[in-house]
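Each step along the sequence shown adds one to the number in our numbering, with nothing skipped, and position 3 is 14.
Hints listed in this document are in silico derivations from the structure and should not be mistaken for laboratory results.
Keep in mind that a hint or two might mislead.
The calculated DSBU-like cross-link candidates involving lysine-lysine, where the alpha carbons are at most 30 Å apart (straight line), are [to be verified]:
#1 K234 x K89
#2 K115 x K234
#3 K234 x K103
#4 K21 x K285
#5 K138 x K21
#6 K186 x K138
#7 K138 x K115
#8 K38 x K103
#9 K103 x K21
#10 K115 x K38
#11 K234 x K38
#12 K21 x K38
#13 K103 x K89
#14 K186 x K234
#15 K103 x K115
#16 K89 x K115
#17 K89 x K38
#18 K89 x K138
#19 K138 x K285
#20 K234 x K21
#21 K103 x K138
Here are the in silico distance ranges between beta carbons for each label pair [unchecked claim]:
#22 M171 x N275: 17 to 25 Å
#23 N124 x K21: 30 to 38 Å
#24 P222 x T81: 45 to 53 Å
#25 N76 x E163: 43 to 51 Å
#26 N275 x E59: 21 to 29 Å
#27 Q123 x L54: 25 to 33 Å
#28 K285 x S223: 27 to 35 Å
Glycine residues also receive a C-beta, built at the ideal position from the N, C-alpha and C atoms.
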Amino acid sequence: MSKEKRPETKLVQVPSPNKIPERDIDKSPILEAQHLGIDFGGLTAVNEFNMAIGRTEITGLIGPNGAGKTTVFNLLTKVYQPTRGTILLDGKDTHGLNTVQVNKMGIARTFQNIRLFDQLSVEDNVKLGLHNHIRYGMWQGIFRLPGYWKEERVAHDRAMELLSIFDMEGLANAKAGSLPYGAQRRLEIVRALATNPALLLLDEPAAGMNPSETAELMENIVKIRDTFQIAILLIEHDMSLVMGICEGIAVLNFGQIIAKGTPNEIMNNPEVIKAYLGTRGGE
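Based on the provided sequences and hints, a complete structural model is requested.
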């Protein structure tokens, strides 16, 4: 990976308490979370969470252990229904929708703990992500009618195209569970991309990767954004990765955002340093 420093993106205000990249200002944000919160019994896990993400923005969500970062991902993808607040995806309110419905609307994610179908092939795992785009019906599938084979060819070509992002075409027939840890991480990202998202959520994508794999991942995240022209929100603890590729960074502490800005602004924010960057450890 090149050590040349990436130019810092200018963040500009949008009509809310949020900022997005200047290049996205002529388009509405792909995601707006407004006064989002959730309570578990008497415990408030997330409160007054406000965030806007530009349509081609790479954003980091960082914070100490227990800050609520994964809970935010679960709210955005409707694993949890929020207690209060609004989530707008591409300008549409997701209130009352479930995980399948918001996925079809254009949001996909990976998980802290890898969730692949270990006994299926690499290609079949990617094809599962293409379920939103398969057009043959039940009877065509059962009787293997011409429409089934046509769609299978399309799915195969698309799966191989997506695997090529990480140079994994040669592993298409391998069982997913037989892959090294880093390759399984990459496969999960490819499967998420197969759903054709407008917003991709990556939950600790560099976890378990060595420095070389992390450097390659950084380049590929930027490549994914540029190739598909999508937004990416990631939770990550590798600060070199976050500061190296994220244009905006939001810092979560005790379920609330305490700062959002460019990497340089975040690194020099006294409140952020006190809450997170100046301490050891992290979620």
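When you check the alpha-carbon spacing of K138 and K21, does it fall within 30 Å?
Answer violated: K138 to K21 is near 38 Å, above 30 Å.
If you draw a straight line from the CA of K38 to the CA of K103, is it 30 Å or shorter?
holds, 14 Å
Against the 30 Å threshold, does the CA-CA distance of K21 and K38 hold or violate the hint?
holds, 16 Å
Run the distance test for K89 versus K38: straight-line Cα separation, threshold 30 Å.
holds, 25 Å
What's the verdict on K103 and K21, does the C-alpha distance respect the 30 Å limit or exceed it?
holds, 26 Å
Outcome for the supplied range 43 to 51 Å, where the beta carbon pair is N76 and E163:
The hinted range 43 to 51 Å holds for N76 and E163, with Cβ atoms some 45 Å apart.
Take a quick look at whether K103 and K115 sit within 30 Å of each other, Cα to Cα.
Holds, because 13 Å separates the two Cα atoms, which is no more than 30 Å.
Within a Cα-Cα threshold of 30 Å, do K89 and K115 meet the stated pairing?
holds, 12 Å
Just tell me: holds or violated, for the beta carbon distance of N124 and K21 against 30 to 38 Å?
holds, 36 Å
Just to be sure I understand the hint, the distance between the Cβ atoms of P222 and T81 should be within 45 to 53 Å; is that true here?
24 Å Cβ-Cβ, so the 45 to 53 Å window is violated.
Distance restraint between K234 and K38, which requires alpha-carbon spacing of 30 Å or less
holds, 21 Å
Please verify whether K21 and K285 have alpha carbons no more than 30 Å apart.
holds, 25 Å
Consistency note: the structure conflicts with the earlier hints numbered 5, 19, 22, 24, 27.
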